[in-house]
Amino acid sequence: MSIISSRAKLLGTVFSLALAFSAPVVHAETPPNVLVVAQSIDDAVSFDPAEGFELTTVQSFNNLYQRLVQSNRDDGTKIEAALAASWEAGSDGKSLTFALADAKFASGNPVRPEDVIFSLTRAVKLNKSPAFILNELGWKADNVDAAITKVDDKHVRLTWTADVGSGFALSILTAPIASIVDEQTVSPQAKDNDFGNGWLKTNSAGSGAYTIATYTPHEALVLQANASSSDKPTLESVIIRNVPDVGARRLLVEQGDADIARGLSADQIEALKDKSGIKVLSVPSARQDYILLNSKANPTLGKPAFWEAARYLVDYDGITKNLLRGHSSVHQAFLPNGFPGALSDTPFKLDVEKAKKILADGGIKTPFKIEFIVFNDQPFLSIAQSLQSTFAQAGITLDIQPGVASDIYARGRAGKFEMTLRYWIPDYFDAHSNASAFAINKDNSANTVAKQAGWVIPELTDETLAAVKEQDAAKRAALYQDLQKKIQASSPFVFMLQGNDQVVISDKVKNYAQGLNADQVYYDKVAK
Amino acid sequence: MPQRATPDNADMTNSRQRNSWRELSFVWPLSKWLWSFALTLFGLALVTFAMTRLSPIDPALQLVGDHASQSTYQQARLELGLDQPLPVQFFRYVETALSGNFGQSISTGQPVAKDIARTFPATIELATAAIILGASVGLALGITAAMRQGTWVDGLARFVSLFGYSVPIFWLGLLMLLLFYARLHWAPGPGRADVVFQYTVKSVTGFALIDTWISGKAGAFRDALAHLALPAIVLAFHALAAISRLTRAAILTELGQEYVTTARAKGANLRRIVFIHILPNISGTLLTVIALSYASLLEGAVLTETVFAWPGIGRYLTTAMFAGDMPAILGATLVVGASFVLLNAMTDLGVARLESGKKR
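As given, the protein sequences belong to chains A and B, one line each in that order. Our numbering numbers the first residue of the first sequence as 7 and each following residue consecutively. Our numbering numbers the first residue of the second sequence as 3 and each following residue consecutively.
Rather than coming from a laboratory, the hints here were simulated on the basis of the structure. Please read all numbers here as calculations on a predicted model, not as lab measurements. You can take every hint at face value.
Examples of chain A residues toward chain B, derived with CB under 8 Å:
id: 1; residue: 36
id: 2; residue: 135
id: 3; residue: 220
id: 4; residue: 224
Note that CB positions come from ideal geometry on N, CA and C, so glycine has one too.
Let's have the full structure, built from the sequences with the hints guiding it.
Following this line, the structure appears as structure tokens:
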């Protein structure tokens, strides 16, 4: 009797403690004027647009800064005015004069030609990760001062030395690195000739819809509406919370504690598809997954017959339908769908017999083994296992060696690999961004993917450099189509997939916009 | 004229000598300990440095990514000092670390010391809550199990400790989130506070409970406490497994000792024997296991911190390792290592005191 009563007392105490504990926990919903986004922000290194080149920072730049011109949200191929009210191409074909619109930075300072000069020259001189984009115009630390000049208080003139047209120059100016920062706010923060880089790593000084209110690394990025913005955002703030675990991210959005969740796995998306209160947005992305073969690794990998056979040893449909389930679609050319001139045909499918015949005709004896280095992460490992199974059917053993990204990049740069699985996201909205990576390698002097493949292609390089010079848009698109066909027919790259970014979003969230390129994430029109 | 030593003076001199010897006897172990502390930290820094250098991660490439030009890559290598010979890199690091400056983190872009000041309190708060909970429940469970050996209570205690040992901690965390957050709505979700409180309370100490308490906002304090509860319970469960098993085993061993038989012969009941005779005798062992559990919570709560989006030092260190962020790895390892050594020293001191007061 006494035991029962003491047990009952114990249970009663535990229960009442639990109730007492649970009572104050009101199940919170996100505040009405705040957008809460759950994702991993562990990759963020710098919010300085001259340096930030990670997914998290790149996704923030369109919300913090404006550029002279920007890509249209729905059709990235269209370039529209932003801080420039208008522009005029010079008769020399190598200059543009921009008339500045009336705009203000978050500080209240007006946007002046001096800000344009400061922003673009500091980006070149700092020479951080994305600087190579501006280098495409021939801008270097020693010539950029002369290349960007003030015409008058409302006009700024840009000239370049590279053999490229003004259309291409405008595309380059849509890249996040061309964001215009407030010189009067940033300059006083400069230390040791860093052009304010140290300060801008965690602060913002732009004219975008939002400003950085607080940034706590690995914890949260809090954006606050920019009161000086010409187009004031609907919501007061955006909180991007670092939730590294995908399971926790799913729970947060399911429970209404987050309005948007990114980076969920195919299984989680599948489970959430029919859940009431949330929807899954599938946004086409310009990201592409491809196999990179090192043609210099051994004589077999250097044979075009092997490259061709490899294209028939990929289970394109199986990977997209069974493994990635909506995260990607089949795409077999170096320009993603949505870019002008992109080839959308898919001439290759899994055909083991054909691959075997190509190998035999090419004098390649099976069986043999290939070292296959792969990012130690999903979905790369799953895709690698699928490739391992299909290549094995033709007598090729893929020895999967998972590794961290920087090691795989380092081995790519040093040419110390046989085969790897990589992805590519264009750096700016122009076909040259991808063409320059895959179709340029005249003499191993530039760090291109073609160089990493050990593939020296002087002719294709010339064709690529001719394409970027072409001023006629239709002719230019045709040139890129031709280049893609050549690379599709014979190259040490096997293009397989184009991504679909799947974003889980609360039903309450309206007007969320996301475009094809990684930087095209917009929170300014979002309402709840 | 030299003063002759009178008996009184002689006593005073002797007493002074005794005092100075007493002081010396205190100073000598302290300096010995400080030496061992410094050597441990140096060894830790050396091993960690060697490991980061042996790892295949290229910090410069990790920083600039694959698209960057060769000149940007070279510039990053220069800025990180990677062009210097390894011994130079190491001694430069030690030199700056000695001044309390651990350098700049590659992955956060912030001074490492600032990052540690932000992340370590979060871990200390979580680990302390977990060890208080784990030790209280673990001790109670272990004592009850030993006193009722062979009964269902004993069976339950053994099952709980076995379960605590074997269950993957991240899985338990997710399961608890699913049950108490998503299903029952008893607990809040991941993170240290709800968004409504997270940016309205000023961080003074870095400890959410203290900061919300001194802010005077009752709702914020309650929210911080509620956020702490679930991850602390998960970690406590893991800690209590070790504590309850050891407590049970130690008590059962002592029960067979002669002094217990004597106490029994004198008519003492089991409760008295355990609480008055056995527990003081095994308190040193219990203190050691609790301290070890606490130390492992301070550096090993990575998965719990990940599942509960808890921005602690475990996750900071892991992220730094994946990013090849050498200053952050070295700084965080040294801080965790130093707290480990300090905790060990305090435990040794505590055990020595307990041993001297042993009762038979």
